[in-house]
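Asks: Those protein sequence lines, which keep their order, are chains A and B.
Going by my numbering, the first sequence opens with residue 1, and the numbers climb by one from there.
Going by my numbering, the second sequence opens with residue 114, and the numbers climb by one from there.
These aren't lab readings, by the way, just hints derived from the structure by calculation.
C-beta: ideal position from N, C-alpha, C; glycine also.
The calculated label-pair distances, taken between Cβ atoms and stated as ranges, are:
(1) B:Asn165 / A:Leu45: 18 to 28 Å
(2) B:Asn165 / A:Thr30: 19 to 29 Å
(3) B:Ser168 / A:Pro113: 40 to 50 Å
(4) B:Glu181 / A:Ala77: 41 to 51 Å
(5) B:Gly185 / A:Gln57: 30 to 40 Å
(6) A:Arg13 / B:Ser194: 43 to 53 Å
(7) B:Thr118 / A:His71: 30 to 40 Å
(8) B:Gly129 / A:Met55: 44 to 54 Å
(9) A:Ala77 / B:Glu166: 36 to 46 Å
(10) A:Glu5 / B:Leu152: 18 to 28 Å
(11) A:Ser7 / B:Leu152: 18 to 28 Å
(12) B:Gly129 / A:Gln44: 31 to 41 Å
(13) B:Thr224 / A:Gly82: 23 to 33 Å
(14) B:Met128 / A:Glu5: 29 to 39 Å
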Amino acid sequence: GEDVEQSLFLSVREGDSSVINCTYTDSSSTYLYWYKQEPGAGLQLLTYIFSNMDMKQDQRLTVLLNKKDKHLSLRIADTQTGDSAIYFCAENPSGAGSYQLTFGKGTKLSVIP
Amino acid sequence: EPEVTQTPSHQVTQMGQEVILRCVPISNHLYFYWYRQILGQKVEFLVSFYNNEISEKSEIFDDQFSVERPDGSNFTLKIRSTKLEDSAMYFCASMGTGASPLHFGNGTRLTVT
Chain A
1 GEDVEQSLFL SVREGDSSVI NCTYTDSSST YLYWYKQEPG AGLQLLTYIF
51 SNMDMKQDQR LTVLLNKKDK HLSLRIADTQ TGDSAIYFCA ENPSGAGSYQ
101 LTFGKGTKLS VIP
Chain B
114 EPEVTQTPSH QVTQMGQEVI LRCVPISNHL YFYWYRQILG QKVEFLVSFY
164 NNEISEKSEI FDDQFSVERP DGSNFTLKIR STKLEDSAMY FCASMGTGAS
214 PLHFGNGTRL TVT
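Chain A on its own, in the form it takes in the complex:
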């Protein structure tokens, strides 16, 4: 079955790095995503990584993928108050021949000024 697990809360001080972790179960997933949701808003695609990559960096964001352990992390460097939001990890188990995403419950990141 498909399931994506994330811790529910993370609190960091402004300027520190944030690391949000995610585990998934479907080893056939070829894409893994991070979406950001600010209060009352939609799902903003932050970044995604192909399963044949170990790392992807995009400005302040670094995604690490450990395919053996089915572990995905999102690191936000120099966290700002504007980064406060819920971050969703999602997998795309396209090995099942589908393009529907399975989302985690989301990690609420609170940035303390």
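Given chain A, put chain B in place with the hints provided.
Replies: Frame of chain A; chain B shown alone:
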């Protein structure tokens, strides 16, 4: 940057009424989706649509739900007879090809009273 747009942003309806949620996907995209997020819960897949037909649907997407792409630009979700438990944020998403990420709209918050 092109984006998925959804209207209305908030809809209030009475139980038993029909509602139509509207979406304009990104113009050259081929795959279309509806997801929903009940307050405080996971984002859940409802249905995917490709080549003018439903390609997949979840258990949530029962006979009360239908989708349509009436004119080549709009993509609609109809709920025939709303129930209280249909209250949620409904997200439309589109994707260009199977090798690209899903782009979500800002959502329509449906409140059934």
